[in-house]
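*Asks:* Sequence:
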Amino acid sequence: MNKKYVVKLTDEERQRLQTLVSKGKVAARKIQRAWILLKADAGAEGPGWADAEIQATFTVGLVTIYRVRQTFVEEGLDAVLTRAPKSRHRPRTLDGEQEAQLISLACSKPPPGRCRWTLRLLAGKLVELGHVERVCPETVRQTLKKTN
1 MNKKYVVKLT DEERQRLQTL VSKGKVAARK IQRAWILLKA DAGAEGPGWA
51 DAEIQATFTV GLVTIYRVRQ TFVEEGLDAV LTRAPKSRHR PRTLDGEQEA
101 QLISLACSKP PPGRCRWTLR LLAGKLVELG HVERVCPETV RQTLKKTN
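Reminder that position 83 of the sequence shown reads as 83 in the numbering used here, one-by-one numbering, no gaps.
Incorrect hints may appear among the rest.
[Claimed, not checked] DSSO-like mimics (lysine-lysine), calculated; alpha carbons at most 30 Å apart, straight line: (1) Lys25 to Lys86; (2) Lys146 to Lys86; (3) Lys146 to Lys125; (4) Lys8 to Lys23; (5) Lys86 to Lys23; (6) Lys23 to Lys39; (7) Lys86 to Lys4; (8) Lys39 to Lys86; (9) Lys86 to Lys8; (10) Lys30 to Lys86; (11) Lys8 to Lys30; (12) Lys30 to Lys4; (13) Lys25 to Lys8; (14) Lys39 to Lys3; (15) Lys125 to Lys109; (16) Lys8 to Lys39; (17) Lys25 to Lys39; (18) Lys146 to Lys109; (19) Lys3 to Lys30; (20) Lys86 to Lys145; (21) Lys145 to Lys125; (22) Lys109 to Lys145; (23) Lys39 to Lys4.
[To be verified] Simulated restraints on C-beta separations: (24) Lys146 to Gly48: 53 to 59 Å; (25) Ala84 to Thr118: 36 to 42 Å; (26) Arg114 to Pro91: 27 to 33 Å; (27) Thr57 to Gly96: 51 to 57 Å.
Since the hints were made in silico from the structure, they are not lab data. The C-beta atom is built at its ideal place from N, Cα and C for all residues, glycine as well.
Sequences are here, hints too, so could you generate the full structure?
*Replies:* Below you can see the structure in the form of structure tokens.
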């Protein structure tokens, strides 16, 4: 089977990976990926193992091996060994003024027929008063947890 991403390490890259796997103070993920690259090396000095051999030896999934190969070929050695920063950033639901409104509402007297505020009541009241368009009770909980 022809491989789309063929790993061919230079002498410098091979030496860097060898020193990485011989150290004891490196993250397990880095060591595992370094071993995958060393064994998948199809260069002149590399063993050129098949994916099935790598999978059996290091108990790693075929998809992981494929992605390590792909990342190495497309982005280089550093991209394989370092984690990509998380790109999942969500904007805050409540700004400082809205949080202040929530806290003052939570400290106020509960609605008639209730002995205390619930998270759902607070969320509904914030929407009803027009402070926010929508807010879930979990956001209310996390905001109130920040403030004692």
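*Asks:* Holds or violated: are the alpha carbons of Lys25 and Lys86 at most 30 Å from each other?
*Replies:* With Cα atoms ~24 Å apart, Lys25 and Lys86 stay inside 30 Å; holds.
*Asks:* Has the given pair, Lys146 with Lys125, been kept, meaning a C-alpha gap of at most 30 Å?
*Replies:* holds, 20 Å
*Asks:* Verify the proposed pairing of Lys86 with Lys23, using a straight-line Cα cut of 30 Å.
*Replies:* The given pair, whose Cα atoms are some 27 Å apart, holds under the 30 Å limit.
*Asks:* Quickly compare the C-alpha distance for Lys86 and Lys8 to 30 Å and report which way the hint goes.
*Replies:* holds, 29 Å
*Asks:* Please verify whether Lys25 and Lys39 have alpha carbons no more than 30 Å apart.
*Replies:* It holds: about 21 Å lies between the C-alpha atoms, which stays within 30 Å.
*Asks:* Going straight from one Cα to the other, do Lys39 and Lys86 come out at no more than 30 Å?
*Replies:* holds, 29 Å
*Asks:* With the threshold set at 30 Å, check whether the alpha-carbon distance from Lys109 to Lys145 stays at or below it.
*Replies:* holds, 19 Å
*Asks:* Holds or violated: Lys39 with Lys3, Cα cutoff 30 Å?
*Replies:* holds, 15 Å
*Asks:* Tell me if the straight-line CA distance from Lys146 to Lys86 falls inside 30 Å.
*Replies:* holds, 24 Å
*Asks:* Please work out if Lys86 and Lys4 have their alpha carbons no farther apart than 30 Å.
*Replies:* At roughly 27 Å apart (the allowed maximum being 30 Å), Lys4 and Lys86 satisfy the hint.
*Asks:* Is the straight-line distance between the alpha-carbon of Lys23 and that of Lys39 30 Å or less?
*Replies:* holds, 18 Å
*Asks:* Has the hinted range 36 to 42 Å been met by the Cβ atoms of Ala84 and Thr118?
*Replies:* holds, 40 Å
The structure agrees with every numbered hint stated previously.
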